[in-house]
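K.L.:
Sequence:
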Amino acid sequence: MDTLPQELVDEIFEHLVEHEHPITERFSTITKSSKQTIFAARRVCRGFRDSKTLKNHFITLLEQTPLTRFGWGFPVLEAISLSSYAPLLRMLSISGVTYRPKPMDGRLWNMDFQNYLQKLLEAFTSVQHLRFYPVTPVTLQPQTCPNPAIFPRDIPPIYLDFSRGPGHEIYVTKGDPESGDHGVLKFVILAFKHAGIELETLETPLFGNRACYCAVDPLPVLSVQSLRRLKFNVSEDTHTHNHLPWIFTLRNLEVLEIALSHGPGVEFGNTQQLLIDKETRTMPRMKDFRLIGDNWHMFNESDILDTLSVFPNLENLGLAYIMLHHGVWWSLLRQIKPRQLKRLWLLDPGYASVAGDQVLMLKYNGDGKAIQRDWDLSTMAQDVRLIHTDAVYEPFGIHRPRYDFQYPGFEVFEEGGVERLGQWWDDGYNRWSNGVS
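Counting in UniProt numbering, the sequence shown runs from 1 upward without gaps.
A couple of the hints might just be wrong.
Stated by the list, open to error - Simulated restraints, written as ranges between beta carbons of each label pair:
no. : residue 1 : residue 2 : range
1   : P75       : R281      : 44 to 52 angstroms
2   : T53       : D367      : 42 to 50 angstroms
3   : R343      : P75       : 39 to 47 angstroms
4   : T125      : V76       : 33 to 41 angstroms
5   : P284      : F58       : 33 to 41 angstroms
6   : D367      : K52       : 32 to 40 angstroms
7   : Q273      : D367      : 37 to 45 angstroms
8   : W72       : Q273      : 38 to 46 angstroms
9   : D112      : S353      : 50 to 58 angstroms
Said to hold, decoys possible - Here are the computed lysine-lysine pairs in the DSS-like style, where the Cα-Cα straight-line distance is at most 30 angstroms:
no. : residue 1 : residue 2
10  : K119      : K193
11  : K342      : K55
12  : K287      : K363
13  : K186      : K287
14  : K193      : K231
15  : K278      : K55
16  : K231      : K287
17  : K342      : K287
18  : K231      : K119
19  : K193      : K278
20  : K342      : K193
21  : K119      : K52
22  : K363      : K342
23  : K186      : K342
24  : K186      : K231
25  : K231      : K342
26  : K287      : K337
27  : K363      : K337
28  : K363      : K278
29  : K186      : K119
Simulated from the structure, these hints should not be mistaken for laboratory data.
Here the structure is a predicted model, which is why all the values come from computation and not from measurement.
Where is the CB? At the ideal position from N, CA and C, for every residue including glycine.
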């Protein structure tokens, strides 16, 4: 019916109304104006389908919806692959979560499934971007924990506690029930590669302080030589490849955003090392580098400078939740200034110092005049923005392990209400922590 010309559909409806009385007698009892409403609704439906604006919105919705496995297959992905929308999509969002896995099936992601996924992906001839979700928000379930009034911060309130069926069978699983999610991304990337899709972008969700649940092993990514933009999470708790030397394999990278996270139970106090040794190799194509820490990480000024030296043609730099343990911010920024960056984003910069069994934190608000007379933070790049959301900072500056904060990431800089340096976004943390966009 949907493929018939509008005029023919109208004639069919007219014939049904005037000559063919359905058993329900619905048409024979309605008024003439109601009949016209039926015809108008039909035209509205066709107009909705043929509207370029609405079609673009619908395509965006399809691109941003994580497609999830149910048992063996991807039913929604299958349906989209058979539709006229498949060649129009430029991005796909794939989830590593499987609903209703078969009992005793410990190898859900294997070569057979890779071949099945490859066949589906061959219909998406315009796809260049992949969002991979090791988990989705709905799969992060609250887990029983001690009284939150007594343990308000040091007990992680959310774990991956998957729901179970009536017989306590697994209803949802992250990756394979036995081997976890380590191989899922590998099979997804190989399926894209064998389907002839050259990915330009790969990104994983940040999910605030639960980024460790979305951490992925970077090794499978190294086979995607066409990547120009890479944004994903690396967790020290689950993966050993938390240093950055592996990025030199991706010679075409122009944008790199790395979020470092710790899983529950990891003690604070280690200084994060980005490069094992000072590198002599460079990545001349890198234009945009963003580094995100969390409330567990400390950094050295010299290590950050050594990392930036790898990107000789860097234009944009973003540093989020970076707490310096050795070094000072004004010195770090002064040494970055000669690079003449186009854009510099600083989100919740600060200091961390270990004093016995306590960790002291101090905000960095852009000061440096006491040391250097001509200091002006706004001259460190063409466009400088510094925002404090207090997502990491503790009252009285005494740091404690926390799992209850939701930091927004670099999206706060892209909000319309965020202005240049000097315009502080006082309610930023409250808006994001309350889920207001």
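K.L.:
Are the hints correct? Go through all of them and say.
P.N.:
Tested hints:
| no. | hint | verdict |
| --- | --- | --- |
| 1 | P75 with R281: 44 to 52 angstroms | holds, 45 angstroms |
| 2 | T53 with D367: 42 to 50 angstroms | holds, 49 angstroms |
| 3 | R343 with P75: 39 to 47 angstroms | holds, 43 angstroms |
| 4 | T125 with V76: 33 to 41 angstroms | violated, 19 angstroms |
| 5 | P284 with F58: 33 to 41 angstroms | holds, 40 angstroms |
| 6 | D367 with K52: 32 to 40 angstroms | violated, 52 angstroms |
| 7 | Q273 with D367: 37 to 45 angstroms | violated, 27 angstroms |
| 8 | W72 with Q273: 38 to 46 angstroms | holds, 43 angstroms |
| 9 | D112 with S353: 50 to 58 angstroms | holds, 54 angstroms |
| 10 | K119 with K193 | holds, 12 angstroms |
| 11 | K342 with K55 | violated, 36 angstroms |
| 12 | K287 with K363 | holds, 28 angstroms |
| 13 | K186 with K287 | holds, 27 angstroms |
| 14 | K193 with K231 | holds, 19 angstroms |
| 15 | K278 with K55 | violated, 50 angstroms |
| 16 | K231 with K287 | holds, 14 angstroms |
| 17 | K342 with K287 | holds, 10 angstroms |
| 18 | K231 with K119 | holds, 27 angstroms |
| 19 | K193 with K278 | violated, 33 angstroms |
| 20 | K342 with K193 | violated, 35 angstroms |
| 21 | K119 with K52 | holds, 29 angstroms |
| 22 | K363 with K342 | holds, 25 angstroms |
| 23 | K186 with K342 | violated, 36 angstroms |
| 24 | K186 with K231 | holds, 16 angstroms |
| 25 | K231 with K342 | holds, 20 angstroms |
| 26 | K287 with K337 | holds, 16 angstroms |
| 27 | K363 with K337 | holds, 21 angstroms |
| 28 | K363 with K278 | holds, 28 angstroms |
| 29 | K186 with K119 | holds, 17 angstroms |
In this structure, the earlier hints numbered 4, 6, 7, 11, 15, 19, 20 and 23 are contradicted, and the remaining ones agree with it.
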